[in-house]
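Quick mapping for you: the protein sequence lines, in order, are chains U and S. Sequence positions in the first sequence follow numbering that gives the first Met the number 0 and run 0 to 324. Sequence positions in the second sequence follow numbering that gives the first Met the number 0 and run 0 to 324.
Think of the hints as simulated: they come from the structure by calculation, not from any bench. Accuracy of the hints is not assured; some may be wrong.
The list cannot tell twin chains apart, which means a pair is met if one copy fits it or any two copies do.
To be verified - For lysine-lysine, the following PhoX-like pairs were computed, each having C-alpha atoms within a straight-line distance of at most 25 Å:
{"#": "1", "residue 1": "LYS89", "residue 2": "LYS202"}
{"#": "2", "residue 1": "LYS65", "residue 2": "LYS37"}
{"#": "3", "residue 1": "LYS37", "residue 2": "LYS16"}
{"#": "4", "residue 1": "LYS16", "residue 2": "LYS251"}
{"#": "5", "residue 1": "LYS37", "residue 2": "LYS89"}
{"#": "6", "residue 1": "LYS251", "residue 2": "LYS65"}
{"#": "7", "residue 1": "LYS302", "residue 2": "LYS202"}
{"#": "8", "residue 1": "LYS251", "residue 2": "LYS89"}
{"#": "9", "residue 1": "LYS89", "residue 2": "LYS302"}
{"#": "10", "residue 1": "LYS223", "residue 2": "LYS37"}
{"#": "11", "residue 1": "LYS195", "residue 2": "LYS300"}
2 protein chains.
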Amino acid sequence: MRRPTSTTVLEAYGRLKGRVRRTPVLRNEALDELAGAKLYIKCENLQLTGSFKIRGATNRLLQIPKEGRAAGVVAFSSGNHAQGVARAAKLLGMPALIVMPSDAPGVKIDGVRADGADIHLYDRDTESREAIAERIADERGAVLVPSFDDPFIVEGQGSCGAEFAEQIAESGDALDHIICCAGGGGLITGLALGYKASDPSTKIWTAEPEAHDDWRRSLASGEKQVNAPGTRSICDAILTPSPGELTWALGKELLAGGCAVSDDHIRDAMRQAFRHLKLVVEPGGAAALASALHDLPSEAKGKNVGVVFSGGNVDPAQFAGIISG
Amino acid sequence: MRRPTSTTVLEAYGRLKGRVRRTPVLRNEALDELAGAKLYIKCENLQLTGSFKIRGATNRLLQIPKEGRAAGVVAFSSGNHAQGVARAAKLLGMPALIVMPSDAPGVKIDGVRADGADIHLYDRDTESREAIAERIADERGAVLVPSFDDPFIVEGQGSCGAEFAEQIAESGDALDHIICCAGGGGLITGLALGYKASDPSTKIWTAEPEAHDDWRRSLASGEKQVNAPGTRSICDAILTPSPGELTWALGKELLAGGCAVSDDHIRDAMRQAFRHLKLVVEPGGAAALASALHDLPSEAKGKNVGVVFSGGNVDPAQFAGIISG
């Protein structure tokens, strides 16, 4: 598989300008005090479709030659990638079909539907989403758009890192560390390439739920680790069994290590974002702030720390329960 | 009373740069469809202290000569002005005392306390906050900081309009209309001066709760109108009995007319902001979006419409109830 570099990420950043949103970076003194560090928060929950995923999806779909666009695209995803692909397809005038688990958050299913994509629901416990998606893509002659283990996806997500570096430079400051959630690893590896193009000394750390700390254990051991099957967390967006093939090859060289937090830490971070930032962050999207507040690497204490909010697609009932809890 | 102009608002904008946040302007297609107009949403709920009020407070406090700062400031407010004054005083190293109603939202009282200000609680039904604040200011030799009817306050809030105009110009577009909530009227009259410095043709409309539509009736009749006593709304931040003296003198010349919405419209706007923008907006802060969605002036249909989110300070239990309602 072709290996993304800082250069190809910067190219993707140029390609995506004007197609995706330049999301704000926020500062907050109350959160700084709680974390014991100076936080710069990159708000991809304010991105189009409510998560960073439209960056990679748009970058991937732009590679499909004009004559191949009529057959459209197929993707499988529990939600944010689904919405990213559906919106990117809509903006490029392509049909899209998304294979989603029947227990995906309603807000994510609604988002996909609102962008005009077809939805095929499957049972997470008895069916293989990969097999279903491949069969449908074959039948349609459509392009299957993977959610992370693909160079164009990694480069597209990486545009977030290039943009973050530009914004930090504009502020006149510099980041010693960045904490970013990791599921498959498309965002964090792309972000590391994109950010390090400007500042190679910045250390990048994964954020995960404790029971799904495959990246943390992989980085600590130097070997790709797999999560025990059947573990659960409220972080629906980042529950992948292990780092991807491409993303691990990149991540083991680019990343400094991993943080891990409990679901209670996640809920606390969501409440702090509500209270101090007036932002809605979904559970997986709050893993990096939860890590900054509850599992900050000791070398990051008192330093400038970037924190990525990766998404804000959370069902109202779940959000209501968490903020009033 | 000295009368603010577009020039003095632009001066305040320059004075406040680097002291307050340049808040983002967001676009959202789903909200455009619901409103039947192209909306540009100015997010002052993401301002320091969670509302625009720190703009006016900082501008006012900067007028106090260095030798007068030790005696500090006094203000009365149900919440957002309280937090703006408390934070501005903290940043300028001045003591502050805030007179607040005992039924103010807890999140606002906590915000004031967190910035180190003293709080004097009073009973909204039996005590006069003006009298209490004047007495305390006299005792302390402190400066009483009014919440809207003051040229420096109007000019400070107006920096939001100058900033909005700059951001719209950067986007390469132009606004035909702006809808902004109106309580005392400090924000909307300052915003009108600040925005019209760049584009005098933009029409500015007030947004209010139906039972508190003093601005709408005042603008329609050309005479300052007063709300019936005892009317209630969930929009705690904008429940003033009538336009102010200075703000009415400005508003009757600058404003095009008024919109008014029910509390159910307000709740709907808060839910739409949660769902589509991932933003927390307080009831009064959502009045302009509620107006765009439910009481858009007919001449604004299909046009470019600015919408101001003035604040996001809402108690978690109230917000939870509204988004899951």
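The hints, checked one at a time:
1. For the identical chains of this complex, LYS89 and LYS202 are neighbours neither inside a copy (37 Å) nor across copies (34 Å), given an alpha-carbon limit of 25 Å.
2. Taking the shortest alpha-carbon separations for LYS65 and LYS37, neither the intra-copy value of 46 Å nor the inter-copy value of 30 Å comes in at or below 25 Å.
3. For the identical chains of this complex, LYS37 and LYS16 are inter-copy neighbours only, at 21 Å across copies versus 28 Å inside a copy, given an alpha-carbon limit of 25 Å.
4. Neither within a single protomer nor between protomers do LYS16 and LYS251 lie at most 25 Å apart by alpha-carbon distance, with minima of 29 Å and 42 Å respectively.
5. For the homomeric pair LYS37 and LYS89, the shortest alpha-carbon distance between copies (19 Å) is at most 25 Å, but the shortest distance inside one copy (39 Å) is not.
6. Taking CA atoms no more than 25 Å apart as the test, LYS251 paired with LYS65 passes in neither setting, with 36 Å inside one copy and 56 Å between copies.
7. Within a single copy, LYS302 and LYS202 get their C-alpha atoms as close as 11 Å, which meets the 25 Å cut-off; across copies the closest is 47 Å, which misses it.
8. Proximity of LYS251 and LYS89 under a CA criterion of 25 Å is satisfied in neither setting, with 35 Å inside one chain copy and 45 Å between copies.
9. Proximity of LYS89 to LYS302 under the C-alpha cut-off of 25 Å is restricted to the inter-copy arrangement: shortest distance 23 Å between copies versus 42 Å within a copy.
10. With identical chains, the CA atoms of LYS223 and LYS37 are never at most 25 Å apart, being 32 Å at best within one copy and 48 Å at best between copies.
11. Within a single copy, LYS195 and LYS300 get their C-alpha atoms as close as 21 Å, which meets the 25 Å cut-off; across copies the closest is 46 Å, which misses it.
Going down the numbered hints, you'll see the structure goes against 1, 2, 4, 6, 8, 10, while the others check out.
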